[in-house]
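Q: Kindly generate the complete structure, drawing on both the sequences and the hints.
Just so you know, the sequences run in chain order R and Y. Under UniProt numbering, the residues of the first sequence are numbered 1 to 426, in order. Under UniProt numbering, the residues of the second sequence are numbered 1 to 426, in order.
To be clear, the hints were calculated from the coordinates, so they are not data collected in a lab. Mixed in with the good hints, there may be bad ones.
The list cannot tell twin chains apart, which means a pair is met if one copy fits it or any two copies do.
[Claimed, not checked] Result set (EDC-like, lysine to aspartate or glutamate): computed pairs, CA atoms no more than 16 Å apart in a straight line:
hint: 1; residue 1: Lys117; residue 2: Glu293
hint: 2; residue 1: Lys117; residue 2: Asp333
hint: 3; residue 1: Lys117; residue 2: Glu60
hint: 4; residue 1: Lys117; residue 2: Glu362
hint: 5; residue 1: Lys117; residue 2: Asp383
hint: 6; residue 1: Lys117; residue 2: Glu386
Number of protein chains: 2
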Amino acid sequence: MSSLTGALPTAALSLHERLAAAKTASRDLAIADTDRKNRALRAIADGVLAASDDILSANELDLANGREDGLTTGLLDRLTLTPARLQGLADAVLQIVGLTDPVGEAVRGSSLPNGVKITQVRVPFGVVGAIYEARPNVTIDIAALAIKSGNAAVLRGGSAAIETNRVLVRVIQQALASAGLPADAVQTIDDFGREGAAELMTARGFVDVLIPRGSADLIQAVVTQSTVPVIETGAGVVHVLLDESAREDWAVDIVRNAKVQRPSVCNAVETLLVHRAAAERLLPPVLSALRAEGVTIHADERALPFAPDAVPVTDEDYATEHMSLDISVKVVDDLDEAMEHIRRYSTQHTESIITNDLQNAERFLAEVDSAVVMVNASTRFTDGGEFGFGAEVGISTQKLHARGPMGLPELTSTKWIVRGSGQVRA
Amino acid sequence: MSSLTGALPTAALSLHERLAAAKTASRDLAIADTDRKNRALRAIADGVLAASDDILSANELDLANGREDGLTTGLLDRLTLTPARLQGLADAVLQIVGLTDPVGEAVRGSSLPNGVKITQVRVPFGVVGAIYEARPNVTIDIAALAIKSGNAAVLRGGSAAIETNRVLVRVIQQALASAGLPADAVQTIDDFGREGAAELMTARGFVDVLIPRGSADLIQAVVTQSTVPVIETGAGVVHVLLDESAREDWAVDIVRNAKVQRPSVCNAVETLLVHRAAAERLLPPVLSALRAEGVTIHADERALPFAPDAVPVTDEDYATEHMSLDISVKVVDDLDEAMEHIRRYSTQHTESIITNDLQNAERFLAEVDSAVVMVNASTRFTDGGEFGFGAEVGISTQKLHARGPMGLPELTSTKWIVRGSGQVRA
Numbered sequence: 001m002s003s004l005t006g007a008l009p010t011a012a013l014s015l016h017e018r019l020a021a022a023k024t025a026s027r028d029l030a031i032a033d034t035d036r037k038n039r040a041l042r043a044i045a046d047g048v049l050a051a052s053d054d055i056l057s058a059n060e061l062d063l064a065n066g067r068e069d070g071l072t073t074g075l076l077d078r079l080t081l082t083p084a085r086l087q088g089l090a091d092a093v094l095q096i097v098g099l100t101d102p103v104g105e106a107v108r109g110s111s112l113p114n115g116v117k118i119t120q121v122r123v124p125f126g127v128v129g130a131i132y133e134a135r136p137n138v139t140i141d142i143a144a145l146a147i148k149s150g151n152a153a154v155l156r157g158g159s160a161a162i163e164t165n166r167v168l169v170r171v172i173q174q175a176l177a178s179a180g181l182p183a184d185a186v187q188t189i190d191d192f193g194r195e196g197a198a199e200l201m202t203a204r205g206f207v208d209v210l211i212p213r214g215s216a217d218l219i220q221a222v223v224t225q226s227t228v229p230v231i232e233t234g235a236g237v238v239h240v241l242l243d244e245s246a247r248e249d250w251a252v253d254i255v256r257n258a259k260v261q262r263p264s265v266c267n268a269v270e271t272l273l274v275h276r277a278a279a280e281r282l283l284p285p286v287l288s289a290l291r292a293e294g295v296t297i298h299a300d301e302r303a304l305p306f307a308p309d310a311v312p313v314t315d316e317d318y319a320t321e322h323m324s325l326d327i328s329v330k331v332v333d334d335l336d337e338a339m340e341h342i343r344r345y346s347t348q349h350t351e352s353i354i355t356n357d358l359q360n361a362e363r364f365l366a367e368v369d370s371a372v373v374m375v376n377a378s379t380r381f382t383d384g385g386e387f388g389f390g391a392e393v394g395i396s397t398q399k400l401h402a403r404g405p406m407g408l409p410e411l412t413s414t415k416w417i418v419r420g421s422g423q424v425r426a
Numbered sequence: 001m002s003s004l005t006g007a008l009p010t011a012a013l014s015l016h017e018r019l020a021a022a023k024t025a026s027r028d029l030a031i032a033d034t035d036r037k038n039r040a041l042r043a044i045a046d047g048v049l050a051a052s053d054d055i056l057s058a059n060e061l062d063l064a065n066g067r068e069d070g071l072t073t074g075l076l077d078r079l080t081l082t083p084a085r086l087q088g089l090a091d092a093v094l095q096i097v098g099l100t101d102p103v104g105e106a107v108r109g110s111s112l113p114n115g116v117k118i119t120q121v122r123v124p125f126g127v128v129g130a131i132y133e134a135r136p137n138v139t140i141d142i143a144a145l146a147i148k149s150g151n152a153a154v155l156r157g158g159s160a161a162i163e164t165n166r167v168l169v170r171v172i173q174q175a176l177a178s179a180g181l182p183a184d185a186v187q188t189i190d191d192f193g194r195e196g197a198a199e200l201m202t203a204r205g206f207v208d209v210l211i212p213r214g215s216a217d218l219i220q221a222v223v224t225q226s227t228v229p230v231i232e233t234g235a236g237v238v239h240v241l242l243d244e245s246a247r248e249d250w251a252v253d254i255v256r257n258a259k260v261q262r263p264s265v266c267n268a269v270e271t272l273l274v275h276r277a278a279a280e281r282l283l284p285p286v287l288s289a290l291r292a293e294g295v296t297i298h299a300d301e302r303a304l305p306f307a308p309d310a311v312p313v314t315d316e317d318y319a320t321e322h323m324s325l326d327i328s329v330k331v332v333d334d335l336d337e338a339m340e341h342i343r344r345y346s347t348q349h350t351e352s353i354i355t356n357d358l359q360n361a362e363r364f365l366a367e368v369d370s371a372v373v374m375v376n377a378s379t380r381f382t383d384g385g386e387f388g389f390g391a392e393v394g395i396s397t398q399k400l401h402a403r404g405p406m407g408l409p410e411l412t413s414t415k416w417i418v419r420g421s422g423q424v425r426a
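A: Written out as structure tokens, the structure is:
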């Protein structure tokens, strides 16, 4: 294996030339068989472990620069790689090896009355662009998912991770070459800074779809500035509604699980709505369970009597994805008021109703306009792994193309194959 | 039925208020059953015929204004309604009544190991925006497709058709009300001019998807300016390749059909590529058949000897969707040169190879990156009606969400329904 440090072979290329190289390489990726793509993925997993020292040295450099630039502790933590995290990354890549290749899957098809046969099959997008912030694990993750689904990838991972990403991209490029695939299929454009991100967002004809991953601000910037089609993976202001007939044990278990099992992720609950006829019965045990886990309660006027240690909730709380052990609690008159609140504040990610009333359950499932709507289950189930997808590209909160947890098929488009024997249109 | 002329009930609303009204109305549309939606559609078909006089008067006014403003003959023709065209519009709406309602269709689903049941079902987008130019038939067409798929619609049909569209929208709104659906579900914003179109393109949170229909310039403007997700229905620079082994009768029939059966549509062929080893055998009969139909041949150097009356082809010809009885003809060395030409000039709409060589057919189908790829069939088959969709929303040339002919299901998103019994995540 050649040296992993120093400039990449593509370093001298302009941004446009790199996009063009990725586009050209995407043609080989698109027709590569699954065995070859899996060979590249295994080589990436091996390469990440074999190059641990180089990767960790580069990461040290990024971390030192980050500390100097005053990055927050949270950002520094996400930027940090360790031997254990590298092992985790390699394992994740090997898991993608085991997933079904979506390319070539026949989605539907028929024979037309004149004998022409039409089949809609899954094909790669071509070139997937990704814009994310200082998370080197995403570099490996997106590249591996792109390769498995037959796509080239152009990565803009943020200047804070530039040294780490450069080594990781070299590992990926060498792995591609070792499997007989074009190294150009995965490119980094970190060295072009913000200008590079801006060009990526408008690279129509070179980039087929753009996936932003990161903060709400980043996603908002990409969605509003990009002329390339975007798949929005959004924030989760997630609601659980305790209906009048909710079982107490389910209410306690689900609210606790949805809030505290992993508060820093998008499918954790942010606001608990409680039917007023159930408040007296359910709020004491539910809030007590939350308090025992160290959760801070932000209560509205009608919930405050049940939560003497709570802080008053604000409109801003209702609109915030806390990603922490905070929960807003509001008492509502009925299902309609609950759904009105959800319409106003939800990011349309996941909402769950806890109820034993069939009509209310069906109304909630039908009328709440979110990617995932649940009855009597924890919102933490909104997850590609839990849904059985094996790996997750992200959770889409838009309605076009993909909605909810995205697996490998969501990284593909389709094309229609038409087979005739001389037919013409009458 | 109240008067059909004069200002609409929504005339006094601001653009923002109309978008908000459509959004609110979309909630009722989303849960309306098929019978009710079909009742509204039948009322539209009846209403269009019952209001013929008012519609045609309004149309006369638009046409008079258009002539004064110097609209081209083509634009004036598209703007023109006649009793026969109104009958055609009513018939098209009744055809949509007969189509399967996509809303509620279960796309996939499973039981998770813990007993939680997940189902992905089709749901309406919510509010569909449409931007088009001076074609009042699109007003009825898009509104009917939107209603059937449970969506509200906000229509920007161009100031040239403002009088006609106002009457048509009133017919639609009265039909909605007569079926017990909110009249606000279909709105026109023609009276806000270009500013209205600009606002529609950035109405995130109010408009879920935007469909531009019209010229390449219009589509380009929407795609680059919109922050709302767009489904691009693009132009067709469509290719037919005559491979070395192409049957002469199929070559003649398919090229003639693809060019002359309806030259003004996007699936008509624009460029004929011919393998050099087949040029002498195939070009004389093919070009002779085209000449007999009045087609103007634009030939490259190597094709010119077979087409003495041809004009020399230019690079601009190769890139142009003529929509007329013009065809570019180019002789290529082999399949690779043909696919290279297609990569350079195709709009990725439809390409067809005429061949008896199995390997070449499979390479062409696999490697040509277009919405529809064909072997031994006329490109004119790229059509929702021909594909058996019953009606066509348009032909998508983008890769996100929908690609190729779009039917009613392409006007829907999905949502995940999760049914548990108290499960939490471990």
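Q: Run every hint past the structure and note whether it holds.
A: Outcome of the hint check:
1. When the C-alpha separation of Lys117 and Glu293 is checked against a cutoff of 16 Å, the pair qualifies neither within a copy, at 60 Å, nor between copies, at 29 Å.
2. In the homo-oligomer, the alpha carbons of Lys117 and Asp333 never lie at most 16 Å apart, since the shortest distance is 57 Å inside one protomer and 29 Å across protomers.
3. Within a single copy, Lys117 and Glu60 get their C-alpha atoms no closer than 58 Å, and across copies no closer than 45 Å, so neither meets the 16 Å cut-off.
4. For the homomeric pair Lys117 and Glu362, the shortest alpha-carbon distance between copies (15 Å) is at most 16 Å, but the shortest distance inside one copy (40 Å) is not.
5. For the homomeric pair Lys117 and Asp383, the shortest alpha-carbon distance between copies (14 Å) is at most 16 Å, but the shortest distance inside one copy (37 Å) is not.
6. Within a single copy, Lys117 and Glu386 get their C-alpha atoms only as close as 37 Å, which misses the 16 Å cut-off; across copies the closest is 11 Å, which meets it.
Checked against the numbered hints given earlier, this structure breaks hints 1, 2, 3; the rest are met.
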